[in-house]
Amino acid sequence: MKKYSPLVEQVYYQLFQQGNPTSKEFIFNYLKSRNLLDEHGQPTKYAIESGAVEKVTSPIDKYKAQHPVLVNFKNDDFNVNDKLEVSVKPKAVNKYLRKLKKLNTSLDKVENEDDLKRVKKTYLN
49 MKKYSPLVEQ VYYQLFQQGN PTSKEFIFNY LKSRNLLDEH GQPTKYAIES
99 GAVEKVTSPI DKYKAQHPVL VNFKNDDFNV NDKLEVSVKP KAVNKYLRKL
149 KKLNTSLDKV ENEDDLKRVK KTYLN
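Each position in the sequence shown, counted from 1, maps to that position plus 48 in the numbering used here.
Treat the hints with caution; some may be incorrect.
Stated by the list, open to error - Keeping only pairs whose Cα atoms sit at most 16 Å apart, straight-line, the calculated EDC-like set for lysine to aspartate or glutamate is: (1) Lys139 - Asp124; (2) Lys110 - Glu87; (3) Lys103 - Asp86; (4) Lys137 - Asp124; (5) Lys110 - Glu57; (6) Lys147 - Asp125; (7) Lys143 - Glu159; (8) Lys51 - Glu87; (9) Lys80 - Glu57; (10) Lys110 - Glu133.
Unchecked claim - Ranges between beta-carbon positions, derived for each pair: (11) Asp156 - Lys93: 42 to 52 Å; (12) Gly89 - Lys150: 30 to 40 Å; (13) Glu97 - Lys165: 16 to 26 Å; (14) His88 - Leu145: 28 to 38 Å; (15) Lys122 - Lys165: 39 to 49 Å; (16) Leu148 - Asp109: 17 to 27 Å; (17) Gly89 - Asn160: 34 to 44 Å; (18) Glu161 - Ser135: 36 to 46 Å; (19) Tyr78 - Val119: 14 to 24 Å; (20) Thr170 - Tyr94: 13 to 23 Å; (21) Glu161 - Asn127: 40 to 50 Å; (22) Val128 - Val158: 37 to 47 Å.
In short, the hints are calculated from the structure, not lab data. Positions of the beta carbon are idealized from the N, C-alpha and C atoms, including for glycine.
Please build the complete structure, drawing on both the sequences and the hints.
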């Protein structure tokens with residue numbers, strides 16, 4: 049399985065959350081064709097200068113870029129030690145798991161398109 053850059057992973061995760069899943073290969077090729085990524089998956093100078101991509105300097109932002117599922121976590125949900133190693137606070141993980149459990153319970157009760165829209169609005173925005 050091919051490993052993709054954090055930027056490709058972020059786009060993939062965001063599209064998936066919005067209900068528009070597509071392949072990582074497609075995303076990589078699309079961003080590359082728009083001169084936003086180089087052949088190694090890194091943002092191009094054009095991507096940074098145009099504002100399409102932000103240069104990340106914070107250890108927490110770098111961690112989120114590497115783990116796109118955590119992108120919606122608040123920065124207060126992380127610990128950074130003196131070696132700049134990042135970890136997620138257990139309290140944040142528990143909060144996320146509770147939300148996920150509620151989402152699953154709500155999805156089990158979906159009976160029609162309106163129910164599904166309500167669940168999406170509540171949990172995926």
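Now for the hints, and whether the structure bears them out:
1. For a cut-off of 16 Å, the pair hint linking Lys139 to Asp124 stands: about 11 Å separates their Cα positions.
2. In summary, the hint linking Lys110 to Glu87 is not supported, as the alpha carbons are separated by about 20 Å, beyond the 16 Å threshold.
3. Pair hint Lys103 plus Asp86 holds up; C-alpha atoms about 15 Å apart against a cutoff of 16 Å.
4. For the given pair, Lys137 sits about 9 Å from Asp124 by alpha-carbon distance, which is consistent with the 16 Å threshold.
5. Restraint check for Lys110 and Glu57: the C-alpha separation of about 13 Å stays at or below 16 Å, so the hint holds.
6. With a C-alpha separation of about 15 Å, the suggested pairing of Lys147 with Asp125 holds against the 16 Å cut-off.
7. For the suggested pair Lys143 and Glu159, the alpha carbons sit about 27 Å apart, so the restraint of at most 16 Å is broken.
8. The hinted pair formed by Lys51 and Glu87 meets the criterion: a straight-line CA distance of about 13 Å does not exceed 16 Å.
9. Pair hint Lys80 plus Glu57 holds up; C-alpha atoms about 14 Å apart against a cutoff of 16 Å.
10. As the CA atoms of Lys110 and Glu133 are separated by approximately 11 Å, the hinted pair is consistent with the 16 Å bound.
11. A C-beta distance of roughly 48 Å is found between Asp156 and Lys93, which places it inside the suggested range of 42 to 52 Å.
12. Hint check: Gly89 to Lys150, Cβ distance near 35 Å, so the stated range 30 to 40 Å holds.
13. Range check, Glu97 to Lys165: Cβ separation about 39 Å, and the 16 to 26 Å hint is violated.
14. At roughly 35 Å, the beta carbons of His88 and Leu145 sit within the given window of 28 to 38 Å.
15. Lys122 and Lys165 have their C-beta atoms about 26 Å apart, which leaves the hinted 39 to 49 Å range violated.
16. With their beta carbons about 23 Å apart, Leu148 and Asp109 fall inside the hinted range of 17 to 27 Å.
17. The hinted range of 34 to 44 Å is satisfied by Gly89 and Asn160, whose Cβ atoms lie roughly 41 Å apart.
18. Look at Glu161 against Ser135: about 40 Å separates their beta carbons, and that is inside 36 to 46 Å.
19. Separated by about 20 Å at the C-beta atoms, Tyr78 and Val119 satisfy the suggested range of 14 to 24 Å.
20. Between Thr170 and Tyr94 the CB atoms are about 38 Å apart, so this pair departs from the stated range of 13 to 23 Å.
21. In this structure, Glu161 and Asn127 meet the distance hint of 40 to 50 Å, their C-beta atoms being roughly 42 Å apart.
22. Between Val128 and Val158 the Cβ separation comes to about 39 Å, which falls inside the hinted range of 37 to 47 Å.
The structure does not agree with the numbered hints 2, 7, 13, 15, 20 stated previously, though it agrees with the rest.
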